[in-house]
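Once you've looked at the hints, dock chains B, C and D with the ligands against the given chain A.
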Amino acid sequence: MTDTTTATGLLALHETMSVIRRTEKAAHDLFMSGLVKGTTHLAAGHEAVAVGARAALRDGDYAFATYRGHHHAIAWGATPEECLAELMQRSTGLNKAKGGSMHLTKAESGMLGSYAIVGAHLPMAVGAAWSARLRGTEQVAVAFFGDGATNIGAFHEALNLAAVWRLPVLFVCENNFYMEYTPIGAVTAAEHPAAGRAQSYGLPAEVVDGNDVVAVRDAVARAAVRARAGDGPTVLEAHTYRHYGHSRTDPGKYRPDGELERWLERDPLTVSAHRLREAGTSGDDIAAAEHRAAAVVERAVANARAAPEADLSEAFTDVWADGGAAWRT
Amino acid sequence: MTDTTTATGLLALHETMSVIRRTEKAAHDLFMSGLVKGTTHLAAGHEAVAVGARAALRDGDYAFATYRGHHHAIAWGATPEECLAELMQRSTGLNKAKGGSMHLTKAESGMLGSYAIVGAHLPMAVGAAWSARLRGTEQVAVAFFGDGATNIGAFHEALNLAAVWRLPVLFVCENNFYMEYTPIGAVTAAEHPAAGRAQSYGLPAEVVDGNDVVAVRDAVARAAVRARAGDGPTVLEAHTYRHYGHSRTDPGKYRPDGELERWLERDPLTVSAHRLREAGTSGDDIAAAEHRAAAVVERAVANARAAPEADLSEAFTDVWADGGAAWRT
Amino acid sequence: MADVTTSQDVVTYRDSVAEGIAREMRRDPAVVCLGEDIGAAGGVFKTTVGLFEEFGPERVWDTPISEQAIVGAAMGAAMTGMRPVAEIMFSDFLACCWDYLANEIPKVRYMTGGQVTVPLVIRTANGGGLGFGAQHSQAVENWVLTVPGLKIAAPSTPADVVGLLASAIRSDDPVVFFEHKGLLASKGAPAPDGHVVPFGEAAVLREGDDVTLVALASTVPLALTAAERLAADDSVAAEVLDLRTLIPLDVAAVLRSVERTSRLVVVEENPYQGGWGGTIVSVVADEGFELLDAPVKRVAGANVPLPFADALEDQVIPTVDKVVDAVRSLTKY
Amino acid sequence: MADVTTSQDVVTYRDSVAEGIAREMRRDPAVVCLGEDIGAAGGVFKTTVGLFEEFGPERVWDTPISEQAIVGAAMGAAMTGMRPVAEIMFSDFLACCWDYLANEIPKVRYMTGGQVTVPLVIRTANGGGLGFGAQHSQAVENWVLTVPGLKIAAPSTPADVVGLLASAIRSDDPVVFFEHKGLLASKGAPAPDGHVVPFGEAAVLREGDDVTLVALASTVPLALTAAERLAADDSVAAEVLDLRTLIPLDVAAVLRSVERTSRLVVVEENPYQGGWGGTIVSVVADEGFELLDAPVKRVAGANVPLPFADALEDQVIPTVDKVVDAVRSLTKY
Ligand SMILES: Cc1ncc(C[n+]2csc(CCOP(=O)(O)OP(=O)(O)O)c2C)c(N)n1
Ligand SMILES: Cc1ncc(C[n+]2csc(CCOP(=O)(O)OP(=O)(O)O)c2C)c(N)n1
Ligand SMILES: [Mg+2]
Ligand SMILES: [Mg+2]
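Residue numbers (full-length UniProt numbering), protein chains in the order written: chain A, 1 to 329; chain B, 1 to 329; chain C, 1 to 333; chain D, 1 to 333.
For reference, chain A alone in the conformation it holds in the complex (with noise of 0.2 Å):
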């Protein structure tokens, strides 16, 4: 693996934030001249939290992710390619065109799956992390989740149980400040959703500024160094912001005047851009790789526009492990 704590390795974070950005932007743009149907839930503006959390575990880790699940995806390894084709309903799609853009899942590379029931994902780390344990490997799990799962039952269950188990899974929140349309200090009896509730489980816990890969990659190396240690499980809350509006073409009309203009000025890639240059890299390089990440997505969405249409058989394949669907003799 690259160190990602050079100036080389951190080129390589930006690039790749660089094309979840750019696959976010294709698919939005898709989306609204119909060629990505159903609905999309856009990550840009969370791309430092997936990249960040990835470039601080180990191949073998597992992810879990929500139906805002695009740059987990990405940084999980699945390409650009395959998940624009899931989208647009084309054979080629990562999930078959099974799934679609909420669904997104690499399992080849740990990256198992994204959930869309709220908090549904967050028990079934805790079960990897079981896993993990009594097979006796040293491998993690990662939950990632909106401000508004800590609100589920789901969250308490799956922290209780971790915390009396000692497991080793992260609990990795990506605030955004709102669920859907409602900010989340209106319905959340807790300032830091994640971080606040840690306690209750005698879980330790960390805000970090999620717009900043090196902050998150620090953060989630010190927990997955805990958890492999055996001393459990950490939770931690990054702080972030959606540059899109919830789902499809929601318009975020409800964000106050200026909030959205004062989180892109800490863009995750105009934070990553700025320690790039600080610790040395030159601006020919940072677009360099800028290109490298626009060819990638532009070939990707001429691939995917090209590719053929799911496959009709496929509606009635994987219910069961046979392959198959049979359900009666």
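Take these hints with a grain of salt, some might be off.
Derived lysine to any residue pairs resembling SDA-like cross-links, with alpha carbons at most 20 Å apart [stated by the list, open to error]:
1. D:Lys332 x D:Asp233
2. B:Lys25 x B:Thr249
3. D:Lys46 x B:Asp250
4. A:Lys253 x C:Lys46
5. C:Lys46 x A:Tyr254
6. D:Lys332 x C:Glu290
7. B:Lys253 x D:Ala41
8. A:Lys253 x C:Ala40
9. D:Lys46 x B:Gly252
10. A:Lys253 x A:Gly185
11. D:Lys332 x D:Asp321
12. C:Lys322 x C:Ala237
13. B:Lys253 x D:Asp321
Hint data in this document are derived by calculation from the structure and do not stem from the laboratory.
Quick look at chains B, C and D with the ligands alone, frame taken from chain A:
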């Protein structure tokens, strides 16, 4: 209402506790002799929580209890006879023999049910408190629940919603240190399963001696004042112990030697008798109260035994508000 | 899924939801709404638009993402004098508060020997056809049918939305009210003032002597379109019944129709296994056995999760073609 | 509910549960158990007795009262190389983790395009007859039937408990395994070594030409007793089928039997509305229509919550008398 801060008032509480204790003993004996069917979860040992809490509240307030709820039903005005008749499947049963031990309910006096799915009634109590606020009354609602209930999702959702809406609801945990056969500490990531979680919701909490009816009454009274003043919910954790096993014929063998004996030294009836003597009540007066309680329960047993079996037609009533059970034309 | 529209068809199904709730809130101050993003935002499906403005924050409450607390609180409020209307955003999420639907709300009246009533409505957006994938597209009215003690409404037209909401909110019994996502944009005649559609009365939307099509919500326009095609192409006269409510279930209307047609096709969106059509077929195969001249068919969802891609989704949910094919297989008899 | 026992009937259904799990745990180190009070306490129904002693705390895990975490963790573990066997104490409590059964476990393989498998078993004590009241007595196998993607087993004998558990735990698909509370104390022949009962194969427990009785779990002994009474009192020869699994569903066996008997009575404990019998009847009323000489009957639970008192419970759950009456009403045809 009786002023329960006087010696006379306290004697009334003692007498009610004694009624509960004897009803539980009767239920146990009737179960052993096959006259009580299904299951029971006896509350002997928990009397002070029910009686102390009721004493601190007003007529018109609401209570929601668990399957271990005989003590609450009686504290809220159900007669031992109604309760035992229910357990014995008599048509005179509190719930017409349709509920059983786990569902004792005395709605006319605000005791809105005993619920047998752990934690489910906490949101209901929140809703009753919300209703009081919407109707502009000064009512409060209390949910009584076990230590084990603090690990289920509904607990988390209820406390958060109640806190956000600042509702007049009291969360009273009867911490008897066991779920069924497992010590609560083995499965809970907080020393105080209820009180230790309150700060997650910005709620005040108090740990109280659940075997001291006066301590419970005073703590609930404080919480009720807050609730009626619009200051929102309070979490109370009352430490207590069940004298019988978890349910039915459980002999409670998982308890360490001497544990029960230690708790019996602090039997709520012993504690209140001590308080009564300190307040100047004579041994004769206490004995007279005990005798009255014994007489009530003896009569209750006799009458319940003599009452007619459940009326078979009741199987098909009370599904709908019109009294019937029609599901089709 | 759009029906044939006429110049009378001026209101949408979507707007009729808010209209139906508003009418009841005006009538009865005990009616209050709660749910996620239903307030100033007007709901994710825009089915509560205007309520917050008209009735304010003491009647329209935004909640956290806490389905158990939403429905549990509605239950507690219903037991103590209110008539809450709780929104569960997508019907798939009923699974997150299923204990309340399965074990608490439908049973408390019975198990307390009639001591309490629970006059509440749980509204939810149901069904597929929009490409929302496996966890946001299910038709789950059959889940609710497994639970005695809940009434179930699932309107197919804007006027029925208003009329059935009136019955639902006025009902002293708990009601699960399914608003079909695929119908939200459809239009129809507006509900007259004071419109109330009683529960348990199926609507005969088209008469015919050759075959009975029993439908609900999204499958009503499907069945009607299939009936038109069968009339035009096959000279088959299909009678189309819209059940409108599953509980109470108007099996009398079904039996009356089958008495004339001798043939039955149930068109339902939920999966075949455990689908509500099985209950209808059971009653007909028992009480109506002698009326039948041909096998009974169910055009139902396939027994698979719902796939994302539109073309795949079409493979597994009922379509006009599938209904037409099913009827054709019977009329050969 | 006890069947006629013979000298061969030496093991209980209850003990067979622990035996069936233990056999698989010995075979495969990936099998682990989790649930409330299942460890040293041996389970509330004593169906896990001895497992903790034999396999220790790293294979048998006590959990908090957190049904979502139990089943969700089982899912995560199943996706990553383990074969968890999760206990949900009473099947009514499946409602507390229904999201996992309805939306997560059965769908994740499909919606990821086959990227993951979820080899887990959820065991649970199902059914009534013991006076546990409305929230602890339900037969809820029909809830699970509404969800494509879950296999469903519900054994009626000790040997089937062991044999079906073997298939369940070895299955790469998720299985919901219903252990009937009313059968726990019943006895039967022990399962031979290596006993495996494949899913999707109904057992013909009694042959007969006059009527087919389709049963499952608790209704199997009911149907057998009814068949004996019908033979003795009415000279009616009833064939009794034990479905053993609902998914896969052996409708072929049902159709084969009805081909001979021309009469069908389904005996099921779950409520009539939304009960699994509706799915069987649907298939038979379609594919087996021409085989039928009489109406199809379902003897099912009444559409009410379950009352506490034994005498009331008897009114609303299937009984031998009700089965006999249903058959008699058909043989008049
Ligand atoms: C159990 C459940 N309830 C409601 C929803 C609808 N819903 C989807 S996303 C969302 C907001 C989630 O907010 P948050 O957790 O902060 O994540 P974000 O979308 O901000 O990333 C809601 C309410 C859902 N998917 N699942
Ligand atoms: C959701 C749910 N899970 C499990 C059970 C089974 N059960 C009944 S009582 C009990 C223990 C509850 O412990 P606690 O909350 O401490 O109450 P206590 O019985 O000690 O009064 C359990 C696990 C249940 N009724 N509901
Ligand atoms: Mg958010
Ligand atoms: Mg306890």
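Hints, one by one, checked against the model:
1. D:Lys332 x D:Asp233: Holds, because 15 Å separates the two Cα atoms, which is no more than 20 Å.
2. B:Lys25 x B:Thr249: The given pair, whose Cα atoms are some 13 Å apart, holds under the 20 Å limit.
3. D:Lys46 x B:Asp250: holds, 12 Å
4. A:Lys253 x C:Lys46: It holds: about 14 Å lies between the C-alpha atoms, which stays within 20 Å.
5. C:Lys46 x A:Tyr254: Holds - the C-alpha atoms of tyrosine 254 of chain A and lysine 46 of chain C are around 14 Å apart, at most 20 Å.
6. D:Lys332 x C:Glu290: The hint holds at about 14 Å.
7. B:Lys253 x D:Ala41: Holds, at roughly 9 Å.
8. A:Lys253 x C:Ala40: The given pair, whose Cα atoms are some 11 Å apart, holds under the 20 Å limit.
9. D:Lys46 x B:Gly252: holds, 15 Å
10. A:Lys253 x A:Gly185: holds, 17 Å
11. D:Lys332 x D:Asp321: holds, 17 Å
12. C:Lys322 x C:Ala237: holds, 17 Å
13. B:Lys253 x D:Asp321: Measuring from Cα to Cα gives roughly 42 Å; hence the hint is violated.
In summary, the one numbered hint that this structure violates is 13.
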